[in-house]
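This is what each chain is made of:
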Amino acid sequence: MGCADSLGAISVNVAKRTFDAVIVGAGGSGLRAALQLSEAGLKTAVLSKVFPTRSHTVAAQGGVAASLGNTTEDHWHWHMYDTVKGSDWLGDQDSIEFMCKKANEVVIELEHYGMPFDRTDAGKIYQRPFGGHSMHYGKSPVMRSCAAADRTGHAMLHALYQRNVRAHTQFFVEWMALDLLRDANGNVLGVTALELETGEVSIFHTRATIFATGGSGRIFYSSTNAFTNTGDGLGMAARAGIPLEDMEFWQFHPTGVAGAGVLITEGVRGEGGILRNASGERFMERYAPNLKDLASRDVVSRSMVTEINEGRGCGHDKDYVLLDITHLSPEIIMKRLPGIREISIRFAGVDPIKAPIPVVPTCHYQMGGIPTNYKGQVVIPKTGNPSTPVHGFYAAGECACASVHGANRLGTNSLLDLLVFGKSAGESVVADFKAGQLEFKPLPEDAAEKSLARLARLEFMKQGNTVHDVRLAMQRTMQKHAGVFRFKDLLKEGVTHILKVAEDAKETFINDKSKIWNTARQEALELDNMIEVAKATMISAEARKESRGAHVRDDAPDTPEHPNGRDDENWLKHSLWFSEDNHLEYKPVHLKPLSEDVEPIALAKRTY
Amino acid sequence: MTVNRGKVRWQCRRSLLELDLVLARFLEQEFDRLDDSQVADLEDLLRCDDYDLWALVNGSKPCEVDRWHKTVDQLRRC
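Just so you know, the protein sequences line up as chains A and B, in that order.
What the first sequence shows, in numbering that gives the first Met the number 0, is residues 0 to 607, in sequence order.
What the second sequence shows, in numbering that gives the first Met the number 0, is residues 0 to 77, in sequence order.
Read the hints as simulated data drawn from the structure, not as lab findings.
In this text the structure is predicted, and so the values were computed from the model without any measurement.
Just so it is clear, CB atoms sit at the ideal spot from N, CA and C, and this is done for glycine as well.
Be aware that one or more of the hints could be misleading.
Covered stretches of chain B, going by a simulated chain A footprint (3 or more residues, C-beta under 8 Å) [as the list claims (entries may be wrong)]:
#1 19–28
#2 32–41
What follows is a list of derived Cβ distance ranges for each label pair [as the list claims (entries may be wrong)]:
#3 B:D43 to A:A121: 39 to 47 Å
#4 A:N569 to B:D51: 51 to 59 Å
#5 B:R24 to A:G435: 49 to 57 Å
Only chain B is shown next, with the shape it has when bound in the complex:
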């Protein structure tokens, strides 16, 4: 199933400014280059609780879901 990119873009709105800033950079730098399966992985990752997501992004928590690795790595560089 094709994921709606606008939907995923909107779901990058979070409760924490830290995440908003990282995800805004990600949307600007990476998002348009993602293929559909990567967008689906991102949508899946965005279902995380915000503090868990922030811990993944800042590296204080390891990423244990294989299909998130690439996206988490990209987010860590943003």
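Bound-form chain A, shown alone:
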């Protein structure tokens, strides 16, 4: 590359900053973890690409699940059952027990931090029903979701941020972490990071590193995720030799605006919205005669894709279906769905009072991630133990795989996940610190070299592929080959294609070589991370020869031997993808709960 001399020169300028802990990401899980550390007196740095309250947690509307039982009878056993069933039995039952048991505690803590939950007349936290949550082990719906109107994530993030300010957490805002630092023994020593304002690289040398970087939904062409969701933590972990777990499992929301991805909430169908194909047929009557348009997310998404694949889609390319609310009175639409009308007019060019909204199933949430245990410790296979903690490394929230969502996440469990495991990761760091197990390990002299080489490549490349073109090729490949429905041949082709795109990503170049606030460089660095997630997803999906939860293959249909196409005999196991050579390993699902307070949830067919 001809830049070795320059690398040496840059290397001299790398500042070293020392903290007890660094947390990468300032969304819900990062802020919850930071609070634990700062309140325990640990010197803590939180790095965030954007101002903390602009993290994507803000977009979460539905609520946070907790079996408080304020409105209807409830029990954490029932919540655990629902979560295990929702996960299609791929979730680890020890982590799920831990999460459901802790839910009340973390929600009430949040209330004490000033979170403005909706209230019952008696002044308790108001709870509302949500898909997949039930009482008495699936018998009837339960009211378990604690919400602050339709802005639960927003209220949560602000409450946590204010609390962190009070706890004197040190924020490094508009800093992008570049690479995870490990020594020759695999111990994690911190991260390198780029300050956008100066263009300078620093090493954050720490006793503990917590990744809380959120999801990676931007790897798909059609995504509900904000632009910031580029899987930075997953990319950094993968490049540093940490495997990614269960990356074949992605949740698609049925109603993203075609071409834009912006979410049209399920509430629209709750108000009477109907999905129609090109001939105007209410096609959900054929797929889910009872629940019709209100069937679960995965069922509706797959039905929509079937309509499109069989030529009954709408528009010139027959590549979307319609969400029709024209039969509702304009008064109801204006009163109950005003935000949806705004979104439809702006992003679909359609006033839903007069015409139906073009929608497609849209990538929404990643169930897999950096493998962790219920304590938030990152775990990898080592010397016969598939879940050996990595010294000094922790992860929480959407970037982590604890695994509580398994093959499919229930609504309102994501905000719970980030609270419980953000806190748990923080508690683990504090406990390990107090036990004297988190000493500073020496930094290798070349600690920053990999990051500097990445920057130098972008600096010195005079021609190559544009970031825009490679990103688009990746997104289109993922959408076509690893979408809602998966096909054997398409997956095989998809692996070949995505590996080619990954090669192209090594040859990106940027015209803008400026040092400070260089957004082109930012996007190139983010692409490095996204491409790791894309490879992990495609390769893991191609390899899993069953249907389970969100991963549904046409060659693994519903049969008496394999209900819903699920093959527990061969595939009741977690995937682990390794970036270095794209190989996969597998590890067992934890079918035993954490304690004897609850019986294991026995394997069964997932039906609603």
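Model the placement of chain B on the given structure of chain A, informed by the hints.
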């Protein structure tokens, strides 16, 4: 004081996809034509909370700050 355009460009990264999409169009169509004072006004506007900003952009909330009017109007057309 001159505002760094790259900084303002980066601050168009938001928590909501709705805003990302509108601001991306704005950056593509309008940004390079803005003079320094307009860039400064945009930077000021971008300090808003995301739901407030979205309400301004989609018109459900009136713009009550005079120096934001032009930018908000442009964003509403994006």
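Problem set entry | Claimed coverage, the segment 19–28 of chain B by chain A - three or more beta carbons nearer than 8 Å | holds (count 4)
For this session: Tell me if chain A covers the segment 32–41 of chain B under the three-residue, 8 Å CB rule, please?
Result: With 0 residues in contact (Cβ-Cβ under 8 Å with chain A), the coverage given for the segment 32–41 of chain B is violated.
Exercise. When you take the CB atoms of N569 (chain A) and D51 (chain B), is the distance between them in 51 to 59 Å?
Worked result: At 52 Å between Cβs, range holds.
Exercise. Between R24 (chain B) and G435 (chain A), does the beta-carbon spacing fit 49 to 57 Å?
Worked result: holds, 54 Å
Exercise. Per the hint of 39 to 47 Å, is the separation of the Cβ atoms of D43 (chain B) and A121 (chain A) within bounds?
Worked result: Holds, since D43 (chain B) and A121 (chain A) (Cβ atoms, about 44 Å apart) stay within the stated range.
In the structure shown, a violation is registered for the earlier hint numbered 2 alone.
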